[in-house]
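So the sequence lines, in the order shown, correspond to chains A and B.
Going by our numbering, the residue at position 82 of the first sequence is 88; the numbering climbs one at a time, nothing skipped.
Going by our numbering, the residue at position 231 of the second sequence is 237; the numbering climbs one at a time, nothing skipped.
Hints are computed from structural coordinates only; laboratory data are not their basis.
It should be emphasised that the depicted structure is a prediction, and the values quoted were computed from it without experimental measurement.
Some hints here could point you the wrong way.
Claimed, not checked - With a cut-off of at most 30 Å between alpha-carbon atoms, the simulated DSSO-like pairs for lysine-lysine come out as follows: (1) A:Lys119 x A:Lys36; (2) A:Lys119 x B:Lys287; (3) A:Lys119 x A:Lys287; (4) A:Lys119 x A:Lys265; (5) B:Lys61 x B:Lys119; (6) A:Lys263 x A:Lys119; (7) A:Lys263 x A:Lys36; (8) B:Lys36 x B:Lys61; (9) B:Lys36 x B:Lys119; (10) B:Lys119 x A:Lys263; (11) B:Lys61 x A:Lys119; (12) B:Lys36 x A:Lys119; (13) B:Lys119 x B:Lys263; (14) A:Lys36 x B:Lys36; (15) B:Lys265 x B:Lys119; (16) B:Lys265 x B:Lys36; (17) B:Lys287 x B:Lys265; (18) A:Lys265 x B:Lys287; (19) A:Lys287 x A:Lys36; (20) A:Lys61 x A:Lys36; (21) A:Lys265 x B:Lys61.
Number of protein chains: 2
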Amino acid sequence: MMPSTPAFTTRLSEAARTVEASLEALLSDKAAPGEIARPARLMAAMRHAALGGGKRLRPFLTIEAARLLGAEGQGPLRAGCAVELLHCYSLVHDDLPSMDDDDLRRGRPTVHKAYDEATAILVGDALQTLAFEVLADPATDTDPAIRSDLVLGLARASGLGGMVGGQLLDLSAEGRYGPAEMGEADVRLLQMMKTGAILTFSVEAGAILGRADSAARQSLVEYGRALGAAFQVADDILDREASAEALGKRTGKDQEKGKATLVDLLGMEGARRECRQLVEKAHASLERFGVGADTLREAVRFVVERQV
Amino acid sequence: MMPSTPAFTTRLSEAARTVEASLEALLSDKAAPGEIARPARLMAAMRHAALGGGKRLRPFLTIEAARLLGAEGQGPLRAGCAVELLHCYSLVHDDLPSMDDDDLRRGRPTVHKAYDEATAILVGDALQTLAFEVLADPATDTDPAIRSDLVLGLARASGLGGMVGGQLLDLSAEGRYGPAEMGEADVRLLQMMKTGAILTFSVEAGAILGRADSAARQSLVEYGRALGAAFQVADDILDREASAEALGKRTGKDQEKGKATLVDLLGMEGARRECRQLVEKAHASLERFGVGADTLREAVRFVVERQV
């Protein structure tokens with residue numbers, strides 16, 4: 007596959023810069039209207055968790071899907087930040103000692119290492135709440151129907167029937183709660199829930215803000231699903247291949263914990279083939295949008311080729 | 007003060023029964039539309055956390071405030087359940103070993119004892135998400151402006167500038183993060199954030215669903231604030247007085263951890279006086295509503311006299 011074009015790379019890093027600035031503003035020490043006060047230690051730990059890192063892939067998808075439909079500015083930016091806050095909360099809680107027990111994240115100490123475990127739990131809790139606060143705020147969209155659609159979508163993608171449910175399945179897959187027999191369908195369900203649902207919603211949020219009709223929204227959801235699945239297969243391949251140095255975190259972790267991945271089930275060649283098929287599927291879902299969707303087309307290639 | 011009237015007690019237990027049934031339905035193993043699947047272990051642990059206990063004071067306040075304004079049925083019931091789910095999430099996380107480290111809650115093992123720590127973290131996370139999912143669902147109100155108003159209110163009351171922020175202040179008050187000098191203003195701020203904000207929102211949610219005009223909404227918010235403050239002073243008094251048997255949990259915990267309470271700051275007699283003043287203040291806030299608000303008047307007396 008081709009490397010990303012300079013235009014794409016510029017757009018991605020431009021979006022990351024805007025998202026960073028917006029997250030910084032959302033995580034300031036100053037209380038928003040309706041809040042009582044923001045404790046300094048909590049805010050510092052939340053900034054540690056959410057600022058200064060990451061490709062900001064999820065907000066990028068929200069921003070680009072909205073732009074495809076003619077929506078730009080604060081709305082898609084804020085919705086993208088909400089998804090990113092949700093994502094950051096999940097990382098903070100996943101890193102906890104009783105979960106994946108990770109000391110490093112993006113080469114820096116995880117929140118429970120830099121602060122303490124209680125603070126890390128509260129940081130995750132408050133990042134989740136803030137995601138919903140941002141979506142429900144009239145600054146995100148003047149139409150309350152759009153705002154509650156966003157809230158409902160994020161909640162369904164991230165809660166018991168989405169990301170959190172997927173994390174529980176992931177812990178079960180380690181054999182913590184009895185013998186874990188993971189077939190291909192189980193691995194796919196786990197991945198769709200744990201990482202796919204939020205990636206799909208990142209795209210759908212752009213469709214909601216762009217007032218997509220139901221056919222366009224459905225196409226974008228299908229694009230998001232294919233991208234999410236491709237992301238996960240690529241991650242499984244990466245986990246097997248990459249060196250610890252290149253990733254800044256421990257690798258081969260799934261193997262170490264005895265968890266089945268798609269590479270185990272399909273073989274390395276099968277996994278690579280599936281990756282290519284998913285890229286094609288994602289591209290096919292964008293057909294109706296013409297050249298305007300080229301950035302989203304590149305995004306799915308970027309996702310399967312990312313090195314970090 | 008007088009004991010609760012039979013009419014009040016009936017209403018309270020009637021509401022608790024309806025809330026219990028509604029929570030049971032919300033926490034079934036069957037995935038809602040837009041959710042992928044609900045893992046059985048997660049659902050069982052969530053039911054352990056949220057079902058079979060508690061006075062359901064918060065939903066009762068939502069239901070009664072809405073009823074005062076002529077709103078009844080699914081809307082107030084669902085909004086009340088959302089507040090209760092939020093409350094239950096906070097209890098599950100507060101009980102964790104790195105937080106308050108409690109083994110018992112309402113005389114039953116806490117979630118991390120009955121299951122494990124990772125499951126308890128995920129249970130809290132998913133209960134929080136479900137609270138927002140319930141509020142944003144059209145089944146709660148057909149008007150999306152009402153739904154996003156509810157989401158925004160709950161988020162502000164429960165996040166970094168409300169309940170979670172208050173929990174961080176509470177941990178700081180134990181001296182975990184350096185010497186803790188708690189003056190009266192600090193203790194009041196902590197209590198307003200940790201428990202007051204959600205109690206206030208419980209009432210405000212009823213006002214929102216009942217389409218209160220801004221004056222009526224403000225009166226109900228003031229009632230909620232007075233009730234929340236009274237709840238906390240009563241809790242401080244109870245914590246000092248009650249026996250472990252009567253409460254089914256460890257008591258004198260604040261003293262044990264060296265945390266200042268309003269009883270320390272005002273003395274037992276001063277705390278009792280403040281309680282009475284807050285009851286009067288709450289009653290005064292309801293003046294405009296006449297006899298229709300008698301249940302809410304009794305609720306604040308109930309709150310200061312509760313034995314469990």
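Okay, the hints, checked on the actual structure:
A distance of roughly 26 Å separates the Cα atoms of lysine 119 of chain A and lysine 36 of chain A; the hinted pair therefore holds under the 30 Å criterion. Restraint check: the Cα-Cα separation between lysine 119 of chain A and lysine 287 of chain B comes to about 46 Å, which exceeds 30 Å; the hinted pair is violated. Pair hint lysine 119 of chain A plus lysine 287 of chain A does not hold up; C-alpha atoms about 41 Å apart against a cutoff of 30 Å. Note on lysine 119 of chain A and lysine 265 of chain A: the hinted pairing holds, with a Cα-Cα distance of about 26 Å set against a maximum of 30 Å.
A threshold of 30 Å between alpha carbons decides the hint, and for lysine 61 of chain B with lysine 119 of chain B the separation of about 23 Å falls inside it, so the pair holds. Taking the CA atoms of lysine 263 of chain A and lysine 119 of chain A, the gap is about 22 Å. The hint holds against a cut of 30 Å. Restraint check for lysine 263 of chain A and lysine 36 of chain A: not satisfied, since their Cα atoms lie roughly 43 Å apart, outside the 30 Å limit. The suggested pairing of lysine 36 of chain B with lysine 61 of chain B holds, with an alpha-carbon distance near 27 Å, which does not exceed 30 Å.
Taking the CA atoms of lysine 36 of chain B and lysine 119 of chain B, the gap is near 26 Å; set against the 30 Å cutoff, the hint holds. At roughly 24 Å between alpha-carbon atoms, lysine 119 of chain B and lysine 263 of chain A fall within 30 Å of each other, so this suggested pair holds. Between the alpha carbons of lysine 61 of chain B and lysine 119 of chain A the distance comes to roughly 38 Å, so the proposed pair goes past 30 Å and is violated. With a C-alpha separation of about 38 Å, the suggested pairing of lysine 36 of chain B with lysine 119 of chain A is violated against the 30 Å cut-off.
Taking the CA atoms of lysine 119 of chain B and lysine 263 of chain B, the gap is near 22 Å; set against the 30 Å cutoff, the hint holds. Simply put, lysine 36 of chain A and lysine 36 of chain B have alpha-carbon atoms about 41 Å apart, too far for the 30 Å limit, and the pair is violated. Of the pairs offered as hints, the one joining lysine 265 of chain B and lysine 119 of chain B holds, with about 26 Å between alpha carbons and a cut-off of 30 Å not exceeded. As the CA atoms of lysine 265 of chain B and lysine 36 of chain B are separated by approximately 44 Å, the hinted pair breaks the 30 Å bound.
Among the hinted pairs, lysine 287 of chain B with lysine 265 of chain B is consistent with the structure: their alpha-carbon atoms are about 27 Å apart, no more than 30 Å. A distance of roughly 59 Å separates the Cα atoms of lysine 265 of chain A and lysine 287 of chain B; the hinted pair therefore is violated under the 30 Å criterion. A threshold of 30 Å between alpha carbons decides the hint, and for lysine 287 of chain A with lysine 36 of chain A the separation of about 45 Å lies outside it, so the pair is violated. Only pairs whose Cα atoms come within 30 Å are accepted, and lysine 61 of chain A paired with lysine 36 of chain A is accepted, the gap being roughly 27 Å.
Pair hint lysine 265 of chain A plus lysine 61 of chain B does not hold up; C-alpha atoms about 43 Å apart against a cutoff of 30 Å.
When each numbered hint is compared with the structure, violations occur for hints 2, 3, 7, 11, 12, 14, 16, 18, 19 and 21.
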